[in-house]
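Asks: Here are the chains, one letter per residue:
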Amino acid sequence: DGGITQSPKYLFRKEGQNVTLSCEQNLNHDAMYWYRQDPGQGLRLIYYSQIVNDFQKGDIAEGYSVSREKKESFPLTVTSAQKNPTAFYLCASSVGTVGEAFFGQGTRLTVV
Amino acid sequence: EDQVTQSPEALRLQEGESSSLNCSYTVSGLRGLFWYRQDPGKGPEFLFTLYSAGEEKEKERLKATITKKESFLHITAPKPEDSATYLCAVQVGWRADGLTFGKGTHLIIQP
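Residue numbers (our numbering), protein chains in the order written: chain R, 1 to 112; chain U, 1001 to 1111.
It should be emphasised that the hints constitute simulated quantities derived from the structure, not laboratory data. Predicted, not measured: the structure shown is a model, and the values here were computed from it.
Under 8 angstroms between C-beta atoms, here's a sample of chain R residues computed to sit facing chain U:
| id | residue |
| --- | --- |
| 1 | Y33 |
| 2 | G58 |
| 3 | T97 |
Mimicking DSBU-like on lysine-lysine, the simulated pairs with C-alpha atoms at most 35 angstroms apart in a straight line are:
| id | chain 1 | residue 1 | chain 2 | residue 2 |
| --- | --- | --- | --- | --- |
| 4 | R | K57 | U | K1069 |
| 5 | U | K1042 | R | K83 |
| 6 | R | K70 | U | K1042 |
| 7 | R | K9 | U | K1079 |
| 8 | R | K71 | U | K1057 |
| 9 | R | K83 | U | K1103 |
| 10 | R | K9 | U | K1063 |
Even for Gly, the Cβ is constructed at its ideal location relative to N, Cα and C.
Make a model of the complete structure from these sequences and hints.
Replies: See below:
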């Protein structure tokens, strides 16, 4: 079945450590996105990529980094520079209309 | 500043009790309005796209409508499995960063 796979589902990180969230899709979509979801807030865009080897910052890119070396993969690294990294992270992909996106099941990151 | 406001924040209905969720928006140059359903601990699931005032889309017990200032998600004779958070998003540009999400409406359908 086609879809987006995020791993791990839960992740715990100590302050000062970098951590990488995985996102893989087999939908053959060109565009991929990372969103952050916090309680009581709408989804906010961290980074997006419309083609391999190219990506752009979203509204809240500070403290995050991404790569897009393969069409299927768009990993997100949460660096120690991110001041408040505890959140629910969602990866998505789309073909055509950006608002008609397929989302993964999310990774819940907790900084301890 | 582009804004998307969803109301109510939470809604509790009895099974079979129809109601509507609201998404009001103040944006310049709406390209599209999107509704999603999100179950607890899961990623959002795309439901509908609306492009212009007067447009309507239906899927099972859900019907989405739109005017120049707001969109409604009508739920007819809901069932407990319709319980979820419903998200509204608007696109104001052609790039991916032109998508603005509302905070969502948490809907609970009691048997």
